[in-house]
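Undergrad: Residue numbers (my numbering), protein chains in the order written: chain R, 1 to 311; chain W, 1 to 386.
Keep in mind that a hint or two might mislead.
[Claimed, not checked] Below are the EDC-like pairs computed for lysine to aspartate or glutamate, each with C-alpha atoms no more than 16 angstroms apart in a straight line:
id: 1; chain 1: W; residue 1: 46; chain 2: W; residue 2: 103
id: 2; chain 1: W; residue 1: 383; chain 2: R; residue 2: 54
id: 3; chain 1: W; residue 1: 46; chain 2: W; residue 2: 67
id: 4; chain 1: W; residue 1: 2; chain 2: R; residue 2: 73
id: 5; chain 1: W; residue 1: 46; chain 2: W; residue 2: 87
id: 6; chain 1: R; residue 1: 211; chain 2: R; residue 2: 20
[Stated by the list, open to error] From the derived model, a few chain W residues whose C-beta atoms are all more than 12 angstroms from chain R:
id: 7; residue: 74
id: 8; residue: 325
id: 9; residue: 326
id: 10; residue: 364
[Said to hold, decoys possible] Just some of the chain W residues that point at chain R, by a computed CB distance under 7 angstroms:
id: 11; residue: 3
id: 12; residue: 5
id: 13; residue: 9
id: 14; residue: 221
id: 15; residue: 222
id: 16; residue: 227
id: 17; residue: 228
id: 18; residue: 231
Because the hints were derived from the structure by calculation, they are not lab data. Bear in mind that the values here come from a model prediction, so they are computed numbers and not experimental data. In this text, a Cβ means the ideal position worked out from N, Cα and C, and glycines have one as well.
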Amino acid sequence: MNVLECAGLVKAFDDLVAVDDVGFHIAAGETYGLLGPNGAGKTTSISMIAGILESDAGTVTVGGTEITTHTTEGKAQIGYVPQDIAIYPDLSARENLRFFGKLYGLPKEQLDLRIDEVLEVIGLADRSDDRTDEYSGGMKRRLNIGIGLLHEPSLLILDEPTVGVDPQSRNAILEGVEALGHSGTAVLYTTHYMEEAERLCDRVAIIDGGKIRAEGTRRELVELVGQRDTVNLGVVGSAPRLVEALQPISEIESISAAEASVEILVEGASELLPRILDTAQQANVGISGVEVVEPNLESVFLHLTGKALRD
Amino acid sequence: MKALAITAVNVRRMLRDPSTIFFVFIFPMLLILVIGAAFGGGFEPKVGVLDEGGGPFASEFVAEIVENEDFDAIDYDDRKLLLEDVERGVANMGVIVPVDYDERLSTGEVAEVEFVGRLDQSVVQYRSTIEAIAANQSAVFRAARLVEDEGLASFDAAVQSAQLVAAGPIGTDVARESTGESVFGENLGQFDLGAPSNLILFVFLTSLAGSAALINTRRLGVSRRMVSTPTSIGQILVGETGGRFAIAMIQGLFIMIGAAVAFEVRWGNLLGAAVLLILIALVGAGGGMLMGAIFDNDEQAGSMGVFIGLGLAALGGCMFPLEIFPETMVKVAHITPHAWGLDGFAELIRRGGTVADILVEIAVLAGFAVLLLALGTWRLREKLTH
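Turn these sequences into a full structure, and let the hints guide you.
TA: In structure tokens:
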């Protein structure tokens, strides 16, 4: 069953159309990525999904309940973690959690319990009563996420949660998101880091200029644009002779030789690699090294939009 | 309950800021004290009195000073200490009755009383009162001397007779009659004029400058995060408004109660004063909400809040009494809620008015509150969801 369904979302700011006909769905336990560069429309899209920004058109339902800025029903199922660290700096972590817990309508006893649990999960139990303006950036970021988890939402929306975070905290955040997916929480994750989308997301939407350009699993996206694996062979001997020997293999799409290496573009490199190595042996060409480069979302994005993710 | 949580978090944040504590609670009280001490009515100068001889005539002279309502007398038995206290301002002036006071008067000589004071105008004017007391006593002795010289009685007997005559209803007294109305009313306490002005000034100032906290909450993204929770926009707006209102009420109540306890300020009809305070706090909250929704930079809003707050206070009569404004300026002053608030308090404090006497002021302040709150919440709603 889909936890989130959104369709036809449109948002314009004066003449600028920030989001244009965005729609997708997320099932329970699924992690869905919105991958795109800054200004692609990710934050505007999830702001409408979280019910904090009025859309010009389109619908959002979470758990079957429609979400708008004016509805409160259904929002209890959403945990929203904004890109900005949206906490009170002059309150402690515990006070921040208590405040938002009240807004989520948690009963006092449950709230007390959940605050302690979340503080443990985000690793701030021993600093829970310190003012948050005394925290490091990573600690604030973890509290920012913790607030979104407090009421155990069925949909967690994370807007670029690792921006400006040190590698250690980043890894902790990514591990936490992976665990959430396994626990059955639907996760909507926006990022402009290709590695994060590849690591975390079951399905990814590539968004640019306010439009979703493509959507699917990593493999589906790669296949969608016809990307192939690249096999780089280090050659001891005659590279042209190896090229000649490999020409009859029909699965090879293209092949090119340099002074001491051969680059082969092929579909399904892992299955074809033994045959390529056998052919090299039969052609009496030594192989000094093998590198298989699978196509990634970066190259898909480049193919779809004509620009790099970090442009 | 959710609105209450938002209100409570606003109050908690305000109370946690040490600089706010000073400007919200301590500074207004200091200002009431300073203004009341400098310009307020009911000032009673302290006169230090040293009776070096202790004879009956000297004691009688001292008793006249002690009983005089213009002075607050302090008894001294050490000349050096008296002089030091006058120098330090503990006593505003000193009167020293010499050791031979009684002897000189009894023998028909002139007894010199020392008047010690610093060279300031207000003290010099009280010297004439001391001289009048001395002149009264001298008149008794002159009369007694005359009786003795005429051989009608002994000096001591004549003094006793003259004293009895002096105490009776004889002689010339200057009766004082008032015409027209007193500018500030009768029986105005020393701090009664400054306390309402400062209450209104600071409640508005804090509310307007406090708009920075609302902008800060927006800029941090906390406001939008609130919208993402199952909390209606209405509850958020009520909570934020409640926060501004609660802070204004806390400050207003503190000034009101503090001034009543510490400076014996009489606020007049309690219900009327409470209604005025609530309305002033609501107008302040509305102003704070509007500024918090209009501006996007908290530092800019804080500075503008202070500027606007002080400007409106000056225009509205919180810095100089409306009663000394020219007629045109009084009309201009009433474009501010401050002037209406001051009018209301003036009616309650100085003229013993009740709620029924300040209905116009209540209506105008309520109008200000409704207008500002409506504009503020409308703008904030737009900011939160667009």
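Undergrad: Taking the hints in turn, state whether each one holds.
TA: Evaluation of the provided hints:
Distance restraint check for residue 46 of chain W and residue 103 of chain W: the Cα-Cα separation of roughly 28 angstroms exceeds the 16 angstroms cut-off, and the hinted pair is therefore not satisfied. Between the alpha carbons of residue 383 of chain W and residue 54 of chain R the distance comes to roughly 11 angstroms, so the proposed pair stays at or under 16 angstroms and holds. For the hint pairing residue 46 of chain W with residue 67 of chain W, the CA-to-CA distance comes to about 13 angstroms; that is within 16 angstroms, so the pair holds. Between residue 2 of chain W and residue 73 of chain R the alpha-carbon distance is near 15 angstroms, which keeps this suggested pair within the 16 angstroms criterion.
Restraint check for residue 46 of chain W and residue 87 of chain W: satisfied, since their Cα atoms lie roughly 13 angstroms apart, inside the 16 angstroms limit. Under the criterion of a C-alpha separation no larger than 16 angstroms, the hint pairing residue 211 of chain R with residue 20 of chain R is consistent with the structure, at around 5 angstroms. Even its closest Cβ contact with chain R, about 49 angstroms, leaves residue 74 of chain W beyond 12 angstroms, as expected for a residue assigned away from the interface. Every CB of chain R is more than 12 angstroms from the CB of residue 325 of chain W (nearest about 42 angstroms), matching its label as outside the interface.
The non-interface label for residue 326 of chain W is consistent with chain R: the shortest C-beta to C-beta separation is roughly 46 angstroms, beyond 12 angstroms. For residue 364 of chain W, the condition that its CB be more than 12 angstroms from all CB atoms of chain R holds, with the nearest at approximately 34 angstroms. Taking 7 angstroms as the C-beta contact cut-off toward chain R, the hint placing residue 3 of chain W at the interface is violated, the least distance being around 10 angstroms. Below 7 angstroms, beta-carbon pairs count as interface contacts, and residue 5 of chain W has one with chain R at about 4 angstroms; its hint therefore holds.
Interface restraint check for residue 9 of chain W: the shortest CB-CB distance to chain R comes to about 5 angstroms, inside 7 angstroms, so the restraint holds. At its closest, the beta carbon of residue 221 of chain W sits 4 angstroms from a beta carbon of chain R; the interface hint therefore holds under the 7 angstroms criterion. Restraint check, residue 222 of chain W versus chain R: the minimum CB separation of about 5 angstroms is within 7 angstroms; hint holds. Among the interface hints, the one on residue 227 of chain W holds; its C-beta lies about 4 angstroms from the nearest C-beta in chain R, closer than the 7 angstroms criterion.
Hint status for residue 228 of chain W: holds, given a least beta-carbon distance of 4 angstroms to chain R, under 7 angstroms. For residue 231 of chain W, the interface hint holds, since its Cβ comes within 7 angstroms of a Cβ in chain R; the closest pair sits about 5 angstroms apart.
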